[in-house]
Amino acid sequence: GAGVSQSPSNKVTEKGKDVELRCDPISGHTALYWYRQSLGQGLEFLIYFQGNSAPDKSGLPSDRFSAERTGGSVSTLTIQRTQQEDSAVYLCASSFGGGLNTEAFFGQGTRLTVV
Amino acid sequence: DQQVKQNSPSLSVQEGRISILNCDYTNSMFDYFLWYKKYPAEGPTFLISISSIKDKNEDGRFTVFLNKSAKHLSLHIVPSQPGDSAVYFCAARNTGNQFYFGTGTSLTVIP
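From first to last, the protein sequence lines are chains H and R. Position one of the first sequence corresponds to residue 1 (our numbering), numbered consecutively onward. Position one of the second sequence corresponds to residue 1 (our numbering), numbered consecutively onward.
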């Protein structure tokens, strides 16, 4: 497709279970970002991939969170032993990267509910 | 530490009047600034941007102003329409291509 695709769109999981969220960025975009938005909050940065460089993981809230980007394209965000405070909308975005003045394009998000 | 701040969580404006959304940032190395609009249950969509070498960019009803000395950014919408009701996020990009977002301002345009 032409845009950033995220799956699943909704996920309900039991506390303590692991979840995987997937992001397919726009083809050709070298930069990929994960953010989350908790209820009533702004966009919280989680992790940033740029090409083959080491990812910027400074926003990950705990060691239960990890992310991979395989082949410079698809990314998976994994949350282990989910907690209720992990409930949020997880948003993925991609951009061309480099010095170009272009925006980041967002997917529609994955709404995660931990019960 | 929040590098991009939107101090007004909400704003209400009458239809036809001007909406002014404000944003402040702390990092003088930001080189590109953007505004995004977000409807419920959707991802943010790009609205308008401005390079750090400019102080104004206009696109139809939307104008973004940049005051680098004050590290302040604003979005003007005129005339405001009910369909403009959404959450607006300010964003700034550093030279490492990392985007930083504000916490958003919820705009309600009253018919």
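Source of the hints: derived by calculation from the structure; they are not laboratory data. One or more of the hints may lead you astray.
[To be verified] Here are a few chain H residues that sit away from chain R, every Cβ distance over 12 Å (derived from the structure):
(1) Gln37
(2) Arg111
(3) Val114
[Said to hold, decoys possible] Each pair of labels, with its calculated beta carbon distance range:
(4) H:Gln41 - R:Thr108: 13 to 21 Å
(5) R:Thr26 - H:Thr13: 17 to 25 Å
(6) H:Ser5 - R:Lys56: 31 to 39 Å
(7) R:Lys56 - H:Val115: 46 to 54 Å
(8) H:Asp56 - R:Gly60: 47 to 55 Å
(9) H:Ser53 - R:Lys54: 38 to 46 Å
(10) R:Lys5 - H:Asn101: 17 to 25 Å
(11) H:Gly16 - R:Thr108: 50 to 58 Å
(12) H:Glu14 - R:Gln14: 40 to 48 Å
The C-beta atom is built at its ideal place from N, Cα and C for all residues, glycine as well.
Inset, instruction - Determine which of the earlier numbered hints do not hold for this structure and return their numbers in increasing order. - result: Violated hints (numbers, rising): 1, 2, 5, 8, 9 and 11; every other hint is consistent with the structure.
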